[in-house]
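The listed protein sequences derive, respectively, from chains F and A. Here the first sequence is numbered in the numbering used here, starting from 1 and rising by one per residue. Here the second sequence is numbered in the numbering used here, starting from 398 and rising by one per residue.
Since the hints were made in silico from the structure, they are not lab data. A hint or two may mislead.
To be verified - The following residues of chain F were derived to be distant from chain A, with all beta-carbon distances above 12 Å:
hint, residue
1, Ala134
2, Phe228
3, Ala346
Claimed, not checked - Coverage of chain A stretches by chain F, computed from C-beta distances (three or more under 8 Å per stretch; other residues unrestricted):
hint, region
4, 401 to 412
5, 423 to 434
6, 530 to 538
A virtual CB, placed ideally from N, CA and C, is assigned to each residue, including glycine.
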Amino acid sequence: MDGMSLVLIELGVIFLGLGLLGRLAARFGMSPVPLYLLGGLLFGNGGAIPLVGIEEFGVITSEIGVILLLLMLGLEYSARELVTGLKRSWLAGLMDLVLNFTPGAALAIILGWGFTGALVMGGVTYISSSGIVAKVLSDLGRLGNRETPVVLSVLVLEDLVMAVYLPILTATLAGLSFFGGLRAVGIALLVITLVLLVALRFGPQISRLIHSNDRENFLLKLIGAALFVAGVASALQVSAAVGAFLLGIAISGSTAHSAAKVLEPLRDLFAAMFFVLFGLNTDPRTIPPVLLLAVLLAIVTSLTKVATGVWAAKRVGIGLPGQLRAGAALIARGEFSIVIAGLAVASGAVNEKLAALATAYVLLLAVFGPIATRFVEPLTRPWVARQQRKPAPPVMP
Amino acid sequence: MNFEDTPLPGIGVRREITLATGRRVGVVMLRDGDMELIISRREDPDACAAAIPLNSEEAAALGAMLGAPQLVAHLTDQHSELPGVNTQQFVISADSPYVEQTLGDTKLRTRTGVSVVAIARGGRVVPSPKPDFELGLGDVLIIVGTTSGLENAAHIIHDG
Numbered sequence: 001m002d003g004m005s006l007v008l009i010e011l012g013v014i015f016l017g018l019g020l021l022g023r024l025a026a027r028f029g030m031s032p033v034p035l036y037l038l039g040g041l042l043f044g045n046g047g048a049i050p051l052v053g054i055e056e057f058g059v060i061t062s063e064i065g066v067i068l069l070l071l072m073l074g075l076e077y078s079a080r081e082l083v084t085g086l087k088r089s090w091l092a093g094l095m096d097l098v099l100n101f102t103p104g105a106a107l108a109i110i111l112g113w114g115f116t117g118a119l120v121m122g123g124v125t126y127i128s129s130s131g132i133v134a135k136v137l138s139d140l141g142r143l144g145n146r147e148t149p150v151v152l153s154v155l156v157l158e159d160l161v162m163a164v165y166l167p168i169l170t171a172t173l174a175g176l177s178f179f180g181g182l183r184a185v186g187i188a189l190l191v192i193t194l195v196l197l198v199a200l201r202f203g204p205q206i207s208r209l210i211h212s213n214d215r216e217n218f219l220l221k222l223i224g225a226a227l228f229v230a231g232v233a234s235a236l237q238v239s240a241a242v243g244a245f246l247l248g249i250a251i252s253g254s255t256a257h258s259a260a261k262v263l264e265p266l267r268d269l270f271a272a273m274f275f276v277l278f279g280l281n282t283d284p285r286t287i288p289p290v291l292l293l294a295v296l297l298a299i300v301t302s303l304t305k306v307a308t309g310v311w312a313a314k315r316v317g318i319g320l321p322g323q324l325r326a327g328a329a330l331i332a333r334g335e336f337s338i339v340i341a342g343l344a345v346a347s348g349a350v351n352e353k354l355a356a357l358a359t360a361y362v363l364l365l366a367v368f369g370p371i372a373t374r375f376v377e378p379l380t381r382p383w384v385a386r387q388q389r390k391p392a393p394p395v396m397p
Numbered sequence: 398m399n400f401e402d403t404p405l406p407g408i409g410v411r412r413e414i415t416l417a418t419g420r421r422v423g424v425v426m427l428r429d430g431d432m433e434l435i436i437s438r439r440e441d442p443d444a445c446a447a448a449i450p451l452n453s454e455e456a457a458a459l460g461a462m463l464g465a466p467q468l469v470a471h472l473t474d475q476h477s478e479l480p481g482v483n484t485q486q487f488v489i490s491a492d493s494p495y496v497e498q499t500l501g502d503t504k505l506r507t508r509t510g511v512s513v514v515a516i517a518r519g520g521r522v523v524p525s526p527k528p529d530f531e532l533g534l535g536d537v538l539i540i541v542g543t544t545s546g547l548e549n550a551a552h553i554i555h556d557g
């Protein structure tokens, strides 16, 4: 068999397998991401059926997958939503960052993975999966709940933090000197501010430039713009993903909605490839040794996320059950934790155990998060009832 | 009555009113144009007892049902000095033979002597509809007439 036919067969098997896994995930109402990771683990290095010849294709598709993931994330929000979100709930966002970045970073330091490892693991434990959370809230019929805007604004801030965090990460992973790194971060901050300002003022014009009623034409312009901006951003050391995210922010209104519709299947295809490749490059035999650590980290960071949600919801006067619902909703980690770990592993600048730990961690919380969100109410009901019977604590004068 | 709008970044907008009983009733308008009717829970006002997805047709029908009685009450008030004249509302249900027929097709005035003074569709009210007005599922007809005329009109609208 010649190389090309082998590659085609392998890709066919991968995509078919992913399709079947995706259907399985949909049946249980869960995110397909953990199953894609498992699929990758199964096929890859040291897995049951090793694949050869698709590395190059895999690397490029998964890079495009990350760009599309972030582009779609940017399309979800308008610049105005980001700015009001920032103004209204920056304190909750700061709390979220401190509480949830610290456990991952601390573990990396304890394991001796150094500053770079700490930066990566902190990011992995910090970022909730906005995709999983939004879907679970909508599936559970909680969009009308009072605590839901609190949860969503925490997610918005996290995604905004990603725009600052990713350039820092890229600079660190590239091993830039302190001043080189500082310069890269400075450029990134400048670009982000500039894009937000431009998007606030000229959003409609940019959208008109990209928009087209012809689907093919629209798609070409979108993908072209995304890849171009991502490439330029990457050349400036700002990280390709952030470039795409910012482009997504700049596109607004109805253009953003139709862009999201046109891009969704492509994003699903390429991003699936990204998750599989991440799994492929992780040797499943490296997981059992880190499993206990992953479980511990998952428990600690579930608690810190619950604390974040409870605190943020309490501040806006939500009752105890709502506070707990907000906390549990934030637990799910997913695609962006893997994006962060993926960037780190691809650069080769981190300990090889990191990929295994991140995979196991995301597998655990992508599954546990939605379950916790669903069952937090029945499980805490007796405790909540006891709390509510207690007389309210005296108000401080 | 104050509408309270809460943006849901990445999802849409929640628009609601707080009732005198303290319960919240409203809709979540999703980005893609879908809508959910929400009703807060009695014992936990932060949560929702129900979040019911509505398509635009269903939402419009519900809006007409909720809005029409007020109009009827108003008209009844106006006719209070005219004994024997009444105002009533009739919904074009799925069983009605006049879905997607014009108002003229019902021949209501010739057959019963009543007049259709307004049609509520969604949040809108169409006053003095013309005979070529096309009736849709969920439209609420506001009809003025004598008691017996209204009874006959009810039969015609439901059974043709």
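Going through the hints against the structure:
The beta carbon of F/Ala134 sits about 6 Å from the closest Cβ of chain A, which is not more than 12 Å, so the claim that it is off the interface is violated. Look at F/Phe228: its CB is around 25 Å from the nearest CB on chain A, clear of 12 Å, so calling it non-interface holds up. At roughly 28 Å from the closest C-beta of chain A, the C-beta of F/Ala346 stays outside 12 Å, upholding its exclusion from the interface. With a cut-off of 8 Å between beta carbons, the region 401 to 412 of chain A has 8 residues touching chain F; three or more are needed, and the interface restraint holds.
Coverage of the region 423 to 434 of chain A by chain F holds [criterion: at least 3 residues with CB-CB distance below 8 Å; count 6]. With a cut-off of 8 Å between beta carbons, the region 530 to 538 of chain A has 0 residues touching chain F; three or more are needed, and the interface restraint is violated.
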